[in-house]
Amino acid sequence: MSQKHLPSIHVHHYKHTAGCATEVMPVPDVVKISMSQHIGAPCKPLVKKGDYVKVGQLLGDTEAFVSAPIHSSVSGTVTGIEEVRSANGGKDTLVVIETDKQQEIYEGIEVPVANDLPEFVKAIRASGLVGLGGASFPTHIKFNPKNIDAVHTLIVNAAECEPFITSDHRLMLEDAEDLIAGCQLVMKFLGLSEGFIGIEDNKMDAIQHLDQLLAAKGITNIKTFKLQARYPKGAERVLVYEVTGKTMNAGVLPADLGIILSNVTTIAFVGQYFRNGMPLITKRMTVDGDAVARPTNVIAPIGTQIHDVIEFCGGYKQEPRKILMGGPMMGRAIFSDELPIVKNNNAILAFSKAQALVKEETACINCGKCHQACPFKLIPTALAKAYEMRDAQALSDLKVMQCMECGSCSYICPARRPLAFTNKLGKGVVKEAGIK
Amino acid sequence: MDKKFYNNLIVSSSPHIVTNMDTTKIMSMVILAMVPSLLVSVYVFGMRVLVLTAVCIAASMFFEFAWNKLMKKQQTVGDLSAAVTGMLIAFNVPSGLPLWIAILGCFIAVIIVKQLYGGIGKNLVNPAITARIVLFISFATEMTTWPLPKALQADAVTGPTPLGILAEGNAADLPGNMIMFIGMHGGSMGEVSAVALLIGGLFLIWKKVISPIIPAAFIGTVFAFAAIYYAATGTGDPLQMGIFHVLAGGVMLGAFFMATDYVTSPILPMGKVIFGVGCGLITMIVRLFGSYPEGVSFSILLMNVLCPLIDNFCQKRMYGGAKK
Chain A
1 MSQKHLPSIH VHHYKHTAGC ATEVMPVPDV VKISMSQHIG APCKPLVKKG
51 DYVKVGQLLG DTEAFVSAPI HSSVSGTVTG IEEVRSANGG KDTLVVIETD
101 KQQEIYEGIE VPVANDLPEF VKAIRASGLV GLGGASFPTH IKFNPKNIDA
151 VHTLIVNAAE CEPFITSDHR LMLEDAEDLI AGCQLVMKFL GLSEGFIGIE
201 DNKMDAIQHL DQLLAAKGIT NIKTFKLQAR YPKGAERVLV YEVTGKTMNA
251 GVLPADLGII LSNVTTIAFV GQYFRNGMPL ITKRMTVDGD AVARPTNVIA
301 PIGTQIHDVI EFCGGYKQEP RKILMGGPMM GRAIFSDELP IVKNNNAILA
351 FSKAQALVKE ETACINCGKC HQACPFKLIP TALAKAYEMR DAQALSDLKV
401 MQCMECGSCS YICPARRPLA FTNKLGKGVV KEAGIK
Chain B
1 MDKKFYNNLI VSSSPHIVTN MDTTKIMSMV ILAMVPSLLV SVYVFGMRVL
51 VLTAVCIAAS MFFEFAWNKL MKKQQTVGDL SAAVTGMLIA FNVPSGLPLW
101 IAILGCFIAV IIVKQLYGGI GKNLVNPAIT ARIVLFISFA TEMTTWPLPK
151 ALQADAVTGP TPLGILAEGN AADLPGNMIM FIGMHGGSMG EVSAVALLIG
201 GLFLIWKKVI SPIIPAAFIG TVFAFAAIYY AATGTGDPLQ MGIFHVLAGG
251 VMLGAFFMAT DYVTSPILPM GKVIFGVGCG LITMIVRLFG SYPEGVSFSI
301 LLMNVLCPLI DNFCQKRMYG GAKK
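Chains A and B are the protein sequences, given in the same order.
Anchor point for the first sequence: position 38 equals 38 in the numbering used here, and the numbering is continuous, going up by one each time.
Anchor point for the second sequence: position 298 equals 298 in the numbering used here, and the numbering is continuous, going up by one each time.
The reader is advised that the hints may include incorrect statements.
[Said to hold, decoys possible] Pairs of lysine-lysine residues, derived as DSBU-like cross-links and limited to a Cα-Cα distance of at most 30 Å, are as follows: (1) B:Lys122 x A:Lys427; (2) A:Lys427 x B:Lys316; (3) A:Lys424 x B:Lys25; (4) A:Lys48 x A:Lys122; (5) B:Lys316 x A:Lys424; (6) B:Lys207 x A:Lys15; (7) A:Lys431 x A:Lys146; (8) A:Lys4 x B:Lys207; (9) A:Lys353 x A:Lys377; (10) B:Lys25 x A:Lys377; (11) A:Lys359 x B:Lys207; (12) B:Lys25 x A:Lys353; (13) B:Lys72 x A:Lys359; (14) A:Lys399 x B:Lys208; (15) B:Lys69 x A:Lys385.
Everything labelled a hint here was simulated from the structure, so no lab data went into it.
Fair warning: this is a prediction, and the values are worked out from it, not measured in the lab.
Bound conformation, chain A alone (with noise of 0.2 Å):
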């Protein structure tokens, strides 16, 4: 079968950390938990100062419909709601908690027990999950299609195509249970009949471990798929494509296309779950980047602040100047290494003043690499000259809107422009205007 592909580049992939296991850290002394670690409406604190709370009890919800309730990952007392500025830029309230590194298990943790679709998913919402690629997209919602009837294939997005990070290659080697076992829930519940787990073939080992693992149990309906390693092969709209060899056209979701896509964290995380009941409170993450003493994978509890974790990692053995929640490529710069650890962090970069210089923008020579690499073949060039004339119509026209902000042009770019950051730019011109 001869594999279509759209264009991707290749980006050095600098995965340092894919022998490292991965480790538990311990309970800091305190944490700070988000209530806003979804895309939705951020959640409101059902804790107050002074209260004392456990392992896994619910600290926020709300009654909004896109959303996910957050649990306390430590036991210890609250000491505070703050305030603050988030990693974008937003406002963001915490939940702040002096752990007594008892870890005290909450009563009511239980193992779900569910029968049928509206109980998974009842239970899903239950354990606060939401979409661990990055999106944050409430996982419950997912899995409840409109259209339940047309779903037919599951494709868990594997591809780790971001450099640096390793956690998810980890996540198969050390949890492939967990992953498949998630596997098995969603298809059951959802009635899928086919399931692929989408791996870049600079991931062998694990490819291998997980074709083991699925021979010795006997299941064949969930396969693993390889990939070109390639950016960017996990985009959502790009890994159907490889996959299916289907076309997502602007605005249709995979399961217009009888396709539920989910990360492999977000999967694992289901099998986890229905073993041990205990909600969404830790999160995997490579911890990585010039500026770290002993880069590695690590588990920590949601709400650690970054200059714990990076103290956990032997601390910074040269001034941060860059520090990244997520990958190089599409990762958040962050402003303060104080900011929490939050449900989608897959990794932690801290890089030092020699890998964080932003290079001297010169002028386009209209070598048309951004073209060749944008996997939606738009033409970033074209895009950025339409942007510097504000003119929302052309913007439109090049299709603006459908860019993903994956970085491929940027990263390509002979004159170092910063043609992602302008189409993003351009997406608020063309908003403005109001063109549909």
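Starting from the known structure of chain A, arrange chain B on it as the hints suggest.
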């Protein structure tokens, strides 16, 4: 290290890493790709080739540097695009050209064609090509005094190029295609050796500096046009004359090194096809029906002017752009 909190971090939009292939590296590769042709040229025409090349590169870089200095603009001489322009100008003139004329050519290319339009990336037409045409029209004698290869110099030191011989109707005197391929014939200093240019061109394609579309369309059109013409008129062997026209004059140099200039060629693949075919057609029309023996530079210049139209004309096919 003590536990320290950092609040003075650089915050910028993603991505946070970039390729190390920048404009300077691309230009260096183009220069590297021209070295084989330069070496053959030194062998064929002697040391004057090196003097002329060095002077053109130095003059172009000086003009670029001085202009930016004078206009208080970002200094761009380090990106080596001026060096490429200088080298191409040297490649496009006879090796015996008086140096002051060559320097004038560099001035026209760098200042008039490139900087007056806004510098790198903003020029409408290829600087080296335009400079060559201006010189060709202004200094017709100097620009068409073609030194013969040293090995062939018997009683004369200069003589017509193969295309000149053809234009005068002396098809029987044409050098063989093998000689043309290697480069032992008269012509502009950098365009004589098809094999050396091919090596450089393939290197650029292999390194993904240029796309093969424009050279393939350009050379393919020249060959097809010539073959059809000679088959229809019966004035020569179609295959042999097709190959001759590809090897003669500036086709190889133009197709690989000048028609592929990023700034003045289309971005989209379909545009590149139109551009390359257009270059080939105009080249052959000038050669076979025009009053000049050679048409490569005119063809590239004309297609440069059409480039924005071609890019606009080409249908843009984005992935999944259909309305739902």
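> What are the numbers of the hints that this structure violates, sorted from low to high?
Replying inline: 9
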